[in-house]
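Let chain X serve as the given structure and place chain B on it in line with the hints.
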Amino acid sequence: MSHLPTSTGRGKSTLWCLVVLLTLLLPASIALAASPEEALAAAERSFAEGAELRADAERAQAAFARAATAYDELWAQGCRTPELALNRSRAHRLAGSLPRAVAALHDGLAVARFSRPLQVELDDARSRVLYPLEGELTAQGKSVRARTVSARMSAADAWLVCGLLWLLACGGAARFVATRRAVWLGCAIVCLCGLGALGVLWARDARERERAESLPLLVVSEDALLRKGNAAEYPARIEPALPKGAEVRELTRRGGWVQVQLPGGAIGWLPGPAVVPCGSVEPYRAQ
Amino acid sequence: MIFRADTLRRAALLALVLLVPARDPLTAKQPAFFEPQEHYYKAKGKGIGVRWVVEPREVQVNRDLTATLVVTGATNPTEIVKPDLRKLPAFDAFKVTNVPDPPRTAADKEVRFVYKLAPRGTDVKEVPPLEFFYFNPDAPPGKKQFPSTRTDRDEDSPAITVREAPAVERRVRPLDAPEHLFQIETGPEVLGRGPFVPGAGAWLATAAAGPLVAAGWFLVWCRLYPNATRLARIHRSRAARRATEAIRRANRTPDPPAAVAGAVLGYLRARFPLPESAVTPSEIEIALARSDVPAEATERAGALFRACDRARFAPSGEEAALAAAAEALVARLEALA
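Line by line, the protein sequences give chains X and B.
Be aware that the first sequence starts at 47, since it is given in our numbering, and climbs by one per residue.
Be aware that the second sequence starts at 58, since it is given in our numbering, and climbs by one per residue.
With the rest of the complex left out, here is chain X (with noise of 0.2 Å):
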């Protein structure tokens, strides 16, 4: 009886080809990712060399654009930092792009709302929206800074305040039981109370939030006129046209165009090319 080859015996060595050839592979493969770190150099380089040619606009603005594709780049693998949210928009905005200096503050701000550097910059940002003087544009269109308690302490913050209350509370509690003195029964429930409050000011943050929040942030990157329905020959919903920079809620998208609220409540359509979605980190192309 002759012996024939099995199918295992041919499947074994197929998968150690497999084997040997992804170990090939694998490194090189890894070696051809440029690392974070690495990223981030070229991106330091690419700022500072337009932050160098700051004295002609057009070599500047180049520069700082390929610094803010790098940034993007960075956001995209994963490195969300407020500081690589606040680099990010700078670049961008010294690229030419107030929009997209928008939503990267927005999406460092998703990350950390309470960092005052991100809030600081976003307002400037918004001042340098070209919204005109007064008008129903004004009174809709324009954003206001949250001033709730998660703008202004972090998750961190709140967790070690509210145990140093907690633990104060208890000690005020053990204190009382082994004194028997009003004072320290005082002191734990002024504690609580406060604990209490630090609570319903988190809960109604989180309520407000998840109503505020639950539709997409989007960014006008160009001046845009806001219509009554999906098409050009509608007529304008509110005149003049939203500056670019201007901030809306996404409700719904047809045919290319994007129903979107305005933030004193006015809703009407825009031409989909021309809002820029806060999350999105498609590479930035100068113009």
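Mixed in with the good hints, there may be bad ones.
Quick look at which bits of chain B chain X covers, simulated, 3 or more residues with Cβ under 8 Å [what the hints assert, rightly or not]:
id, segment
1, 216-222
2, 233-243
3, 246-258
4, 311-323
Below are the SDA-like pairs computed for lysine to any residue, each with C-alpha atoms no more than 25 Å apart in a straight line [unchecked claim]:
id, chain 1, residue 1, chain 2, residue 2
5, X, K290, B, L238
6, X, K188, B, P235
7, B, K139, B, R169
8, X, K188, B, L238
9, B, K173, B, D209
10, X, K290, B, K99
11, X, K188, X, P163
12, X, K188, X, L214
13, X, K290, B, E236
14, X, K290, B, T355
15, B, K144, B, P157
16, B, K99, B, L71
17, X, K274, X, S189
18, X, K188, B, H237
19, B, K182, B, H237
20, X, K290, B, P235
Just a sample of chain X residues kept apart from chain B, beta carbon distances all over 12 Å, derived [what the hints assert, rightly or not]:
id, residue
21, E129
22, A320
23, C324
Don't read these hints as lab results, they were simulated from the structure.
Small disclaimer: the values here were computed from a predicted structure and weren't measured.
Heads up, the beta-carbon is just placed ideally off N, CA and C, and yes, glycines get one too.
The following block gives chain B in isolation, referenced to the frame of chain X:
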């Protein structure tokens, strides 16, 4: 009547001569066999000359110059076809644009064909010579009826000078932006892990730590301060608590010994069935003894009241010890409970 063959032949010949119209030898159709396939533009004449007239002679790359092809000596000025320079490979170095020509009449001595030529590079040195075949009706039939001439036979060569286009000066303007935008964050925190967000485990640990820490502190405190424990038991007694507080406040009263004595007496009346008539130290001792209070406690109580009386009426500087002794007495009596 029968016609003879020769008669019929003569009649046919005569008919041919009469019917075929006479033709001008000058307009006689050229034999197509010798007609050139290229560079022949239907010009006719005995001696035709062609030349270029170029204006201007100096031009920038991709800028137009006007080249006029002047044909002289043609006898059919209105029939000459304008050469299409775009089809001539020699003119690939130019971008050729046809320009409307001036109107021609049969009496014109020369024909002008106007072009706009834009040199594509600086290596262009002249307008290329143009081969120009024409028909000479006086020449014997054959190839010699189509002589040629060229534009470069003229002494005045259409040389041109092509310059590079000057570099367009870009208007440089500075980048207008607030100064703070040019500063970026650097350091390891840029690529850090982001802000710390405590999870459910951290919150649970914090919630459990409070009572645990308080309980641990309480146990340690009891171990370190045992007398205080007894005092704490004393304080559970309301009367004892009030007496102790009154004793401690005695220093702030005008008559501290009287306040101490009053506090202790109030405690004794609240804890033991002391009659209202028992006000002197001896009466108090007797009342306490009847309440089965140990003798040493009774004596201490009597001694305290006597000391208070002495301090009230004959101060001797021992008032500070009265409060401590009163507290100790209250603690001792409370321990009996």
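Against chain B, does X/A320 hold up as non-interface, every C-beta pair farther apart than 12 Å?
-> Check passes; 24 Å lies beyond 12 Å.
Would the least Cβ to Cβ distance between X/E129 and chain B come out above 12 Å?
-> 4 Å, violated
Given coverage of the segment 311-323 of chain B by chain X, checked by CB-CB distance under 8 Å (3 or more) = violated (count 0)
Verdict on chain X covering the segment 233-243 of chain B, criterion of 3 CB contacts below 8 Å | It holds, with 9 qualifying residues against the three required.
Mind checking the alpha carbons of X/K290 and B/T355 for me, to see if they're no more than 25 Å apart?
-> Status violated; Cα separation ~93 Å.
Is it true that the CA of X/K290 sits at most 25 Å from the CA of B/P235?
-> 19 Å, holds
Pairwise hint evaluation, B/H237 against B/K182, where the allowed Cα distance is 25 Å at most = Roughly 57 Å separates the two Cα atoms, so the pair is violated.
Restraint status (C-alpha distance of X/K188 to X/P163 at most 25 Å) = Status holds; Cα separation ~20 Å.
Satisfaction of hint between B/H237 and X/K188, Cα-Cα up to 25 Å = 24 Å, holds
Mind checking the alpha carbons of B/K173 and B/D209 for me, to see if they're no more than 25 Å apart?
-> 19 Å, holds
Agreement of B/K144 and B/P157 with the hint, judged by alpha carbon distance not exceeding 25 Å | 18 Å, holds
Interface-negative label, X/C324 against chain B, beta-carbon threshold 12 Å | Given that every Cβ of chain B is farther than 12 Å from that of X/C324, nearest at about 17 Å, it holds.
Of the numbered hints stated above, those contradicted by the structure are hints 1, 4, 10, 12, 14, 16, 19 and 21, listed in ascending order.
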